[in-house]
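Chemist: Here the protein sequences line up with chains W, D, A and E, keeping their order. Each residue of the first sequence is one higher than the last, beginning at 1 in full-length UniProt numbering. Each residue of the second sequence is one higher than the last, beginning at 1 in full-length UniProt numbering. Each residue of the third sequence is one higher than the last, beginning at 1 in full-length UniProt numbering. Each residue of the fourth sequence is one higher than the last, beginning at 1 in full-length UniProt numbering.
It should be emphasised that the hints constitute simulated quantities derived from the structure, not laboratory data. Do not rely on the hints blindly, as some may be mistaken.
One copy or two, either will do: identical chains are not told apart, so a pair holds if it fits within one copy or between any two.
Unchecked claim - In the DSSO-like style, the derived pairs of lysine-lysine whose C-alpha atoms are separated by at most 27 Å in a straight line are: (1) Lys284 x Lys312; (2) Lys200 x Lys330; (3) Lys239 x Lys385; (4) Lys237 x Lys312; (5) Lys88 x Lys100; (6) Lys385 x Lys94; (7) Lys342 x Lys192; (8) Lys192 x Lys100; (9) Lys100 x Lys53; (10) Lys237 x Lys199; (11) Lys53 x Lys237; (12) Lys223 x Lys342; (13) Lys237 x Lys431; (14) Lys88 x Lys385.
Protein chains: 4
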Amino acid sequence: MQEFTKFPTKTGRRSLSRSISQSSTDSYSSAASYTDSSDDEVSPREKQQTNSKGSSNFCVKNIKQAEFGRREIEIAEQDMSALISLRKRAQGEKPLAGAKIVGCTHITAQTAVLIETLCALGAQCRWSACNIYSTQNEVAAALAEAGVAVFAWKGESEDDFWWCIDRCVNVDGWQANMILDDGGDLTHWVYKKYPNVFKKIRGIVEESVTGVHRLYQLSKAGKLCVPAMNVNDSVTKQKFDNLYCCRESILDGLKRTTDVMFGGKQVVVCGYGEVGKGCCAALKALGAIVYVTEIDPICALQACMDGFRVVKLSEVIRQVDVVITCTGNKNVVTREHLDRMKNSCIVCNMGHSNTEIDVTSLRTPELTWERVRSQVDHVIWPDGKRVVLLAEGRLLNLSCSTVPTFVLSITATTQALALIELYNAPEGRYKQDVYLLPKKMGDVGPWPFLCHRMSLSIISPATSTSPACICLRLMPT
Amino acid sequence: MQEFTKFPTKTGRRSLSRSISQSSTDSYSSAASYTDSSDDEVSPREKQQTNSKGSSNFCVKNIKQAEFGRREIEIAEQDMSALISLRKRAQGEKPLAGAKIVGCTHITAQTAVLIETLCALGAQCRWSACNIYSTQNEVAAALAEAGVAVFAWKGESEDDFWWCIDRCVNVDGWQANMILDDGGDLTHWVYKKYPNVFKKIRGIVEESVTGVHRLYQLSKAGKLCVPAMNVNDSVTKQKFDNLYCCRESILDGLKRTTDVMFGGKQVVVCGYGEVGKGCCAALKALGAIVYVTEIDPICALQACMDGFRVVKLSEVIRQVDVVITCTGNKNVVTREHLDRMKNSCIVCNMGHSNTEIDVTSLRTPELTWERVRSQVDHVIWPDGKRVVLLAEGRLLNLSCSTVPTFVLSITATTQALALIELYNAPEGRYKQDVYLLPKKMGDVGPWPFLCHRMSLSIISPATSTSPACICLRLMPT
Amino acid sequence: MQEFTKFPTKTGRRSLSRSISQSSTDSYSSAASYTDSSDDEVSPREKQQTNSKGSSNFCVKNIKQAEFGRREIEIAEQDMSALISLRKRAQGEKPLAGAKIVGCTHITAQTAVLIETLCALGAQCRWSACNIYSTQNEVAAALAEAGVAVFAWKGESEDDFWWCIDRCVNVDGWQANMILDDGGDLTHWVYKKYPNVFKKIRGIVEESVTGVHRLYQLSKAGKLCVPAMNVNDSVTKQKFDNLYCCRESILDGLKRTTDVMFGGKQVVVCGYGEVGKGCCAALKALGAIVYVTEIDPICALQACMDGFRVVKLSEVIRQVDVVITCTGNKNVVTREHLDRMKNSCIVCNMGHSNTEIDVTSLRTPELTWERVRSQVDHVIWPDGKRVVLLAEGRLLNLSCSTVPTFVLSITATTQALALIELYNAPEGRYKQDVYLLPKKMGDVGPWPFLCHRMSLSIISPATSTSPACICLRLMPT
Amino acid sequence: MQEFTKFPTKTGRRSLSRSISQSSTDSYSSAASYTDSSDDEVSPREKQQTNSKGSSNFCVKNIKQAEFGRREIEIAEQDMSALISLRKRAQGEKPLAGAKIVGCTHITAQTAVLIETLCALGAQCRWSACNIYSTQNEVAAALAEAGVAVFAWKGESEDDFWWCIDRCVNVDGWQANMILDDGGDLTHWVYKKYPNVFKKIRGIVEESVTGVHRLYQLSKAGKLCVPAMNVNDSVTKQKFDNLYCCRESILDGLKRTTDVMFGGKQVVVCGYGEVGKGCCAALKALGAIVYVTEIDPICALQACMDGFRVVKLSEVIRQVDVVITCTGNKNVVTREHLDRMKNSCIVCNMGHSNTEIDVTSLRTPELTWERVRSQVDHVIWPDGKRVVLLAEGRLLNLSCSTVPTFVLSITATTQALALIELYNAPEGRYKQDVYLLPKKMGDVGPWPFLCHRMSLSIISPATSTSPACICLRLMPT
């Protein structure tokens with residue numbers, strides 16, 4: 001039962017950890033918080049479950065939660081109009097007819113909408129989770145009930161993780177011809193265990209930084225044997241994952257964890273890149289007094305011209321109510337800073353990794369940690385001062401808020417378009433290389449008009465009279 | 001056991017409903033969502049519970065939840081600096097020494113901070129809940145563990161409700177001399193059942209609209225037999241309960257229920273009073289396109305000058321993604337409007353009561369209701385169109401978001417000051433009438449300096465270098 | 001020729017100064033800057049001028065400037081839609097037919113639109129200026145050319161001032177039956193010199209604080225012998241003269257005088273009333289870092305919740321680039337503050353009078369004053385430090401920017417409506433007292449529909465599809 | 001006297017026009033409006049003038065205006081701290097000692113600060129104007145009075161233009177070794193007439209798009225015989241000339257020309273590039289309702305997420321109060337659009353050239369043009385409708401507002417640094433090519449520390465405690 005952990009990857013256990021922490025960085029624990037994970041200690045691998053149509057072609061926590069999961073999917077559909085309109089369009093044409101897609105992503109309500117859209121376009125899908133914590137069990141159950149071969153649950157062991165991936169790939173009488181990956185673990189598994197599968201694969205679509213990095217390495221080493229599409233580096237994804245998304249999730253994450261009032265609070269934001277810009281704009285708008293630290297002169301200039309005082313962290317550390325890091329650097333907030341914060345100061349990280357706040361320096365005997373709520377720790381100094389640390393310094397927006405469905409919709413639509421393009425591309429259009437999605441797909445492929453429309457629909461905020469649709473009308477077709 | 005529901009009030013059952021829905025309007029269900037209410041079906045009234053010091057002078061859901069509740073109280077203390085500094089000050093002087101306060105309020109982490117502050121100032125307290133749903137069981141347990149005589153749990157029956165109040169008032173060898181009420185039910189109960197208690201009562205402090213209304217009626221009828229303090233109509237409370245609070249809670253409420261992205265969404269806000277101003281400012285700041293409906297010419301002018309298009313609801317109803325009511329009127333959103341909304345439109349109410357959206361008109365056979373999440377219903381038209389109705393049209397901010405601790409801190413501090421003032425006032429200062437808290441308390445009472453400081457501290461946002469403290473320094477003392 | 005200065009008012013010369021400085025506070029010198037005042041030293045009173053129709057019933061600087069003035073009036077008409085639609089409506093009905101109005105106001109393009117509207121409604125008008133500096137000579141010429149009996153020019157002496165008023169009132173064969181006043185000087189003159197005129201007067205319409213104050217004093221003393229309408233205290237006027245107007249004019253005034261860039265500048269605004277709120281909002285929006293000083297706790301709270309740091313002036317005086325006063329108090333900026341400002345700091349006043357900045361303290365031998373531009377002085381310290389003082393501490397928005405036509409349009413329309421109402425009111429509706437314009441005029445008067453429309457049109461921003469018109473549609477008629 | 005117009009350039013007269021209109025696009029007429037150009041019809045070339053030190057080595061309109069011009073220069077110095085601190089630093093070291101700079105730029109108060117700084121650094125300067133209209137005569141007089149050899153006045157003829165340039169280059173006993181150009185006309189003249197001068201020239205510094213374009217052409221053709229520095233394409237210049245500058249100048253330009261109130265106005269901004277973003281942000285902040293037209297999907301998405309409705313121009317053209325173009329395209333606003341605008345609609349251009357509004361289509365017999373103010377035309381339709389056209393469709397910010405001194409300071413400092421670098425660079429560092437200023441100059445040149453400091457000082461907003469200085473402290477030195 002433990003065989004899959006023995007799988008000889010180059011970097012072993014650390015490779016897994018890293019791929020999880022870097023590709024998906026942190027679990028979507030808040031989105032997953034609707035999941036009741038405590039009720040049942042039996043491993044899904046040992047359960048016998050059947051959906052209402054009699055199929056057992058799946059492995060989820062509890063198929064009986066399907067109804068609840070269906071509701072979550074329906075909520076998600078409300079803000080994923082591009083995928084839904086793609087689905088409608090597919091009633092006549094089936095651009096993925098014959099496609100056999102093996103996927104490995106977070107399994108949430110939003111990815112469920114993607115998976116069911118791929119099915120509606122004609123594809124057969126087998127799916128596993130790219131993170132051992134991020135699966136919404138009810139959503140997985142709903143997918144299983146709807147007939148998708150899904151193998152995932154919240155709280156997988158490392159062995160479970162690889163077992164699930166294996167169950168998606170290694171099937172009698174079914175061979176994948178497309179890969180949709182998030183983090184590169186699925187791709188890695190196929191490379192190592194089933195290299196022959198690549199003979200049939202028409203392409204890989206990869207979303208994450210880590211996965212894309214791995215693909216470029218393969219390509220450089222001459223080992224990439226199929227075309228791959230880099231979804232990570234599209235403009236829309238970059239803007240949304242940073243500026244627009246963080247503008248909303250900083251508020252959401254702080255509110256859900258601390259119920260803090262923003263009005264009148266003094267906040268210092270470390271770093272004025274896209275993430276910092278989003279955080280600052282939102283907090284300023286709600287009445288906080290915001291300071292910025294920044295070492296790049298151009299970004300500092302922008303902060304200055306946007307009306308923020310640019311300071312050294314040490315200048316304001318005694319007076320601020322909230323400290324937010326988003327620099328991409330290490331140890332931006334040091335133990336010395338933490339020592340000087342006032343009582344009840346909130347500290348959190350919106351940056352790239354969990355190293356911006358020197359949390360390690362707080363794990364010393366003289367400080368008491370008190371877990372007061374999920375993702376909220378009070379760190380208590382000998383004199384009684386408390387610092388409120390969120391998500392132990394990990395990414396606040398992934399740990400303590402949900403990513404807006406609309407943002408995920410953009411990535412999901414791009415993934416669907418990439419799959420359609422790779423699957424239908426005439427031979428020779430794509431070599432064994434890593435590609436960016438063409439900005440305008442109108443000129444190429446068997447689905448030019450569809451894709452053209454869709455690439456624009458990506459930006460449509462859920463309404464037929466929306467700006468995007470107006471854009472569409474402005475563009476030549 | 002059911003005897004208390006038989007209690008002959010004038011309006012009977014409806015009186016209770018009204019007092020609950022009007023005084024506290026809606027339960028703080030979101031704040032209470034941390035409460036696990038499903039585990040135990042035994043009524044607290046039938047349980048034998050003892051705290052760690054051996055006392056049984058309370059009735060709560062589960063005394064074992066005290067530790068968790070203590071954590072919630074500690075979180076709340078972080079943003080209630082005025083009460084905490086009042087508490088510190090009381091270490092020498094005990095302005096409420098000898099006070100026996102019977103209270104009836106929501107029982108949440110924030111009111112717990114108030115109650116424990118009153119105790120620190122020298123008072124003895126007995127407490128019940130003013131709403132059958134709003135009690136945070138863990139917080140009640142923490143209060144009981146700390147020795148407060150608290151009688152409250154989430155999900156009380158109507159009989160339980162009056163029983164709890166009665167347990168606070170009707171005690172051998174202990175007689176209340178102060179009342180702190182929220183909604184007027186406690187006051188009402190004492191009037192009807194124990195009128196003699198008023199001989200010892202030095203004053204009533206009342207927070208809610210409904211309770212204050214009842215007091216004025218009593219006063220008008222010549223039946224008010226003690227002084228009463230109207231906390232509801234203070235400037236700070238009005239501003240905070242409306243403009244500043246709603247500016248934050250509209251975002252919080254929408255996000256927690258629907259995960260909707262605000263950027264690019266088209267929103268119509270019905271009504272541009274203080275609540276509407278708050279909602280509009282927040283949504284505009286986060287990139288929504290906001291329309292306003294307003295019939296008052298001055299408010300319409302303000303909306304116009306603030307950069308919002310003032311429209312008739314029917315003009316934009318087909319295109320908007322979100323509809324928010326805050327007019328204070330009835331049936332602002334009619335069935336006809338609902339019929340014309342587009343698929344996935346979100347409808348919610350931030351106004352005064354639950355009648356702004358004509359929800360009744362949606363309870364017809366041709367429409368299907370689907371509860372997709374707590375406080376979220378999809379109402380489905382025959383053609384498949386879904387409208388997303390939040391909190392069944394009740395107040396979104398009370399039902400689906402937490403009220404910021406800082407806001408509650410203001411009211412709580414005002415309540416404490418009112419109690420101090422009434423309890424210490426020399427005879428003759430207050431007659432049998434309803435009073436507003438004096439704007440400056442410096443000239444009166446035995447605690448002039450304290451109260452003066454406190455009335456300023458109310459606005460202090462949790463920091464010793466805060467604006468309020470600077471104000472303080474500017475003011476003559 | 002100098003006889004009019006000998007006129008025995010109670011307060012003599014100071015009365016005049018005060019009425020000018022308080023009612024109109026400062027001259028609209030910027031609006032008047034298009035006026036070429038240097039070419040001609042001959043007093044208009046000594047000139048013989050005739051308009052193109054042969055009339056000499058006026059006294060202006062130079063009738064030949066009429067064409068230029070007509071252009072200015074046409075520009076003003078573009079943003080005064082309410083008056084223009086009132087004018088159109090009057091083509092059939094002449095609600096002021098028979099009215100003989102004597103007026104005394106600033107004479108600018110905007111008041112010219114008012115005067116010509118009154119004429120179009122059927123009135124005969126005679127007009128003088130309420131301020132010796134504020135007349136736009138070209139506009140006065142254009143009015144004279146159009147046949148209005150106007151007596152005003154820029155740079156009148158005190159004797160000229162009263163002479164012009166007298167020429168309006170004291171006419172053979174013509175007796176006024178309505179008064180439109182701004183500051184009360186005209187009313188005062190009639191009271192003292194021609195009390196019999198009041199027998200025919202149906203009412204006084206007064207706009208300024210000072211004038212209204214005088215009327216209430218008369219009323220209190222039992223000496224008010226006709227009804228008077230207080231236009232000053234209407235909600236729209238208050239909001240516009242303060243919040244909305246200052247939000248724009250602070251930017252305009254600073255830019256025109258100093259060409260300063262707002263982005264990144266540190267600004268302190270003294271006072272957070274309506275004027276301060278407007279200044280802060282505008283500067284914050286354009287990227288300035290804004291501090292607020294405020295002693296009123298409620299206003300300080302608002303500043304705090306709006307995201308401004310509330311400080312003591314001395315805390316930030318060394319670092320700020322701009323200091324703006326709008327407190328209504330005296331000596332808010334003292335010589336000590338001025339001594340501590342850094343080089344090139346800009347100091348200006350948006351408040352009530354010219355006493356907020358202690359300018360007198362700067363008129364000492366060790367400081368050098370250098371007039372670098374109209375309304376701009378460099379005050380130079382012995383060490384070379386320069387402070388940039390605008391308008392010598394007088395009101396920046398009146399001295400150095402134009403008041404937006406739309407704002408003036410609101411007052412002008414209100415004045416016109418008040419004249420119509422008073423002139424047409426049935427006997428007995430108004431006593432010898434001071435009235436506010438009824439909020440809704442629909443129920444009263446011979447022009448109910450007209451007035452109802454007009455009171456709404458006041459808020460119409462120049463467009464037939466404007467918010468206000470939509471409001472209109474929402475209102476019952 | 002007319003000989004210089006006969007100078008045989010390739011493109012003759014049109015070359016001149018183009019170079020003027022493209023390099024400097026439009027004259028700084030507003031800044032120049034302080035100039036009294038009407039008093040004197042004698043050509044400066046025919047006047048004999050001497051400054052107070054007896055020198056006649058200049059040619060300006062009127063040397064007697066020097067005092068007024070000195071005041072303007074002093075105002076400008078207040079917001080040009082980087083140049084001033086560069087000047088102070090040069091008291092010991094003279095990095096431009098021996099430099100003989102011939103310059104051709106706009107001659108305004110801000111460039112005067114640059115020229116005088118170059119002199120303070122040790123250079124000798126001879127200067128002419130790059131635009132026949134943009135010279136501030138008083139400033140030119142002040143420079144002449146201070147001993148600079150300046151040859152420029154407002155309203156030069158084409159012959160005058162080349163004559164002034166020639167007088168700077170063609171001097172007995174003085175030969176330039178550096179060129180500072182804006183538009184390339186000076187460089188062009190030297191190439192054609194005095195190619196031998198290039199033997200001594202160490203480098204050219206060029207600011208404008210056009211001039212840089214010409215330099216790249218020369219370089220490509222192998223004809224560039226000295227190193228050249230492209231100042232135009234620095235990040236700071238790009239951001240300032242577009243986003244930050246336009247955010248302020250759109251308000252300033254509209255206000256100075258029309259006195260329009262922004263609050264409540266409906267505005268359509270065509271194009272959401274950096275200029276459009278600046279315009280939209282400012283107008284939204286002041287209460288306007290802003291629509292955006294945009295054809296690029298990414299920019300449209302940004303507009304959408306920033307809260308602006310993205311529309312087709314024809315959808316809103318009937319209802320808007322203001323139309324602003326900033327697309328960089330031609331005929332964005334067509335005659336058809338103009339025909340459909342409502343009365344009093346304001347139309348202006350903030351974009352790249354004067355072709356965005358099809359002004360030519362308005363020069364037809366049925367339309368009447370009425371010049372109502374400098375830079376403001378009413379175009380009147382047969383039915384009386386007026387459209388308010390600003391600056392005849394030329395750039396509003398250059399024609400009708402001043403460019404903030406701080407913005408010009410950035411470019412000026414960059415120019416000074418480029419001159420220092422080129423003049424002091426060891427042989428071989430720069431070839432005969434076009435260079436960008438190194439982002440960090442600390443590693444190179446004889447003035448590493450100075451330049452390093454200065455490149456940071458560029459962003460310092462006039463205060464020693466400013467953000468930029470804090471940046472400075474953060475940076476390693």
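Chemist: Look at each hint and say if it fits the structure.
Modeler: Status of each hint after checking the structure:
1. Lys284 x Lys312: both (19 Å within a copy, 22 Å between copies)
2. Lys200 x Lys330: Classified as neither; 43 Å inside a copy, 51 Å across copies.
3. Lys239 x Lys385: This pair counts as neither: shortest intra-copy Cα distance 39 Å, inter-copy 31 Å.
4. Lys237 x Lys312: between (31 Å within a copy, 26 Å between copies)
5. Lys88 x Lys100: Close inside one copy (20 Å), not across copies (68 Å); limit 27 Å.
6. Lys385 x Lys94: Answer is between: at 25 Å across copies they meet the 27 Å cutoff, but 62 Å inside does not.
7. Lys342 x Lys192: neither (52 Å within a copy, 50 Å between copies)
8. Lys192 x Lys100: within (20 Å within a copy, 70 Å between copies)
9. Lys100 x Lys53: For lysine 100 and lysine 53, only the intra-copy Cα distance (22 Å) is at most 27 Å; the inter-copy one is 66 Å.
10. Lys237 x Lys199: neither (31 Å within a copy, 53 Å between copies)
11. Lys53 x Lys237: neither (38 Å within a copy, 58 Å between copies)
12. Lys223 x Lys342: Answer is neither: 54 Å inside a copy and 50 Å across each miss the 27 Å cutoff.
13. Lys237 x Lys431: within (24 Å within a copy, 41 Å between copies)
14. Lys88 x Lys385: between (58 Å within a copy, 15 Å between copies)
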